[in-house]
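With this note's numbering applied, the sequence shown covers 1 to 331.
What the hints contain is simulated information worked out from the structure, not anything from laboratory work. Glycine residues also receive a C-beta, built at the ideal position from the N, C-alpha and C atoms. Check each hint, because a few of them may be wrong.
Claimed, not checked - Across the chosen pairs, the derived CB separations fall in these ranges:
1. 46 <-> 258: 42 to 50 Å
2. 191 <-> 53: 36 to 44 Å
3. 121 <-> 243: 36 to 44 Å
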Amino acid sequence: MNLKARLTLLVLLCMIVVPVISVQAQEDVTLTMWTHDGLYVEFFTARAEEYFAEAHPELNVTLDFQVVADVQTVVLANIAAGEPLPDMLGMEQGVVPMYMRDGILADYFVDLTDRIGDDYDRIAEGRWTLYTYDGGIYGVDSGLSTTAYFYQPAVLESLGIEVPTTWDEVLAAGEIAQENGTSLNAILGSGDALQMYLLQRGVEIFDAEGNFVLGEDENRALTLDVLNLWREGIDNGAFTPILDSEFWGTTPIQLYETGAVAGIVMPDWYGDYILKPQAEDMAGQWAIAPMPVWSDGIGYGTSVWGGTGFGISQASEHIDLAWELIQYGFL
Numbered sequence: 001m002n003l004k005a006r007l008t009l010l011v012l013l014c015m016i017v018v019p020v021i022s023v024q025a026q027e028d029v030t031l032t033m034w035t036h037d038g039l040y041v042e043f044f045t046a047r048a049e050e051y052f053a054e055a056h057p058e059l060n061v062t063l064d065f066q067v068v069a070d071v072q073t074v075v076l077a078n079i080a081a082g083e084p085l086p087d088m089l090g091m092e093q094g095v096v097p098m099y100m101r102d103g104i105l106a107d108y109f110v111d112l113t114d115r116i117g118d119d120y121d122r123i124a125e126g127r128w129t130l131y132t133y134d135g136g137i138y139g140v141d142s143g144l145s146t147t148a149y150f151y152q153p154a155v156l157e158s159l160g161i162e163v164p165t166t167w168d169e170v171l172a173a174g175e176i177a178q179e180n181g182t183s184l185n186a187i188l189g190s191g192d193a194l195q196m197y198l199l200q201r202g203v204e205i206f207d208a209e210g211n212f213v214l215g216e217d218e219n220r221a222l223t224l225d226v227l228n229l230w231r232e233g234i235d236n237g238a239f240t241p242i243l244d245s246e247f248w249g250t251t252p253i254q255l256y257e258t259g260a261v262a263g264i265v266m267p268d269w270y271g272d273y274i275l276k277p278q279a280e281d282m283a284g285q286w287a288i289a290p291m292p293v294w295s296d297g298i299g300y301g302t303s304v305w306g307g308t309g310f311g312i313s314q315a316s317e318h319i320d321l322a323w324e325l326i327q328y329g330f331l
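Work the whole structure out from these sequences, hints included.
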């Protein structure tokens, strides 16, 4: 074989071998996550694909992100039975105290305090408190969860109604809207939704020592104010009540699309995790305004509802990768 032929053969071999070596150089990694809400699966899947492709081209990352019904019960059962936990866990703030019992957070989840570092100031302190146990932080919240008025400008304009800034204005405008088959605000018939309104009014359900104080005179009076607001709003058509069993499905979306409901007071996550994926055809038709306030000045300019923090299992073989994804998603 002459020199030219040998060189040609060598080049062809390199063209065949190099891609094979490149593919084989990738390390296979499976990253697992459990959460209670499929929208978090969509959120993390999209971000994981874009992040790992750029930051870790040497890895072939498989995502095993699952929605687990009653996830906190499954987690606690797995811990009791010595069964494995996922790399990442979505912890709805209302169930975090269950993980605080008997030091479960400290024993089974990664203390993220040092990893958070200077990013601590990027999130309101109160959102860290939800996932703090014995001086350590075990979750990063997915949002601030403060409330606002999500509304459709075109619907209000068609009624000649300006965006209400107080609850008195909501009630007054509600009478006009009702005559045209529209209500200004949907309300969810659940304890969580009611608590959102109670907190804005300044109602304390528990004091700093954990004592139940809702029945005390001032809290009782403020609670009655909120209940009367709901009653008046429903009676005059300003509010449309929706059952909890229907609220997370298509019912409210259909009411928005037909103009039967102009808007709703909900936390910030409602826009990203409910309206955007479920009302895609209404993109560009929404605006956000501050939550209406009480005319007497008592209470706050906004409220809060919910929140889900994401933590990492100590048993994970991919703690650093899990942290990078959480940091990329929220910090």
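Structure-based check of all given hints:
In this structure the supplied range 42 to 50 Å is violated for residue 46 paired with residue 258, their Cβ-Cβ distance being about 30 Å. For the pair residue 191 and residue 53, the beta carbons lie near 43 Å from each other, so the given range of 36 to 44 Å is met. Against the hinted window of 36 to 44 Å, the Cβ-Cβ separation of residue 121 and residue 243 comes to about 41 Å, which satisfies the hint.
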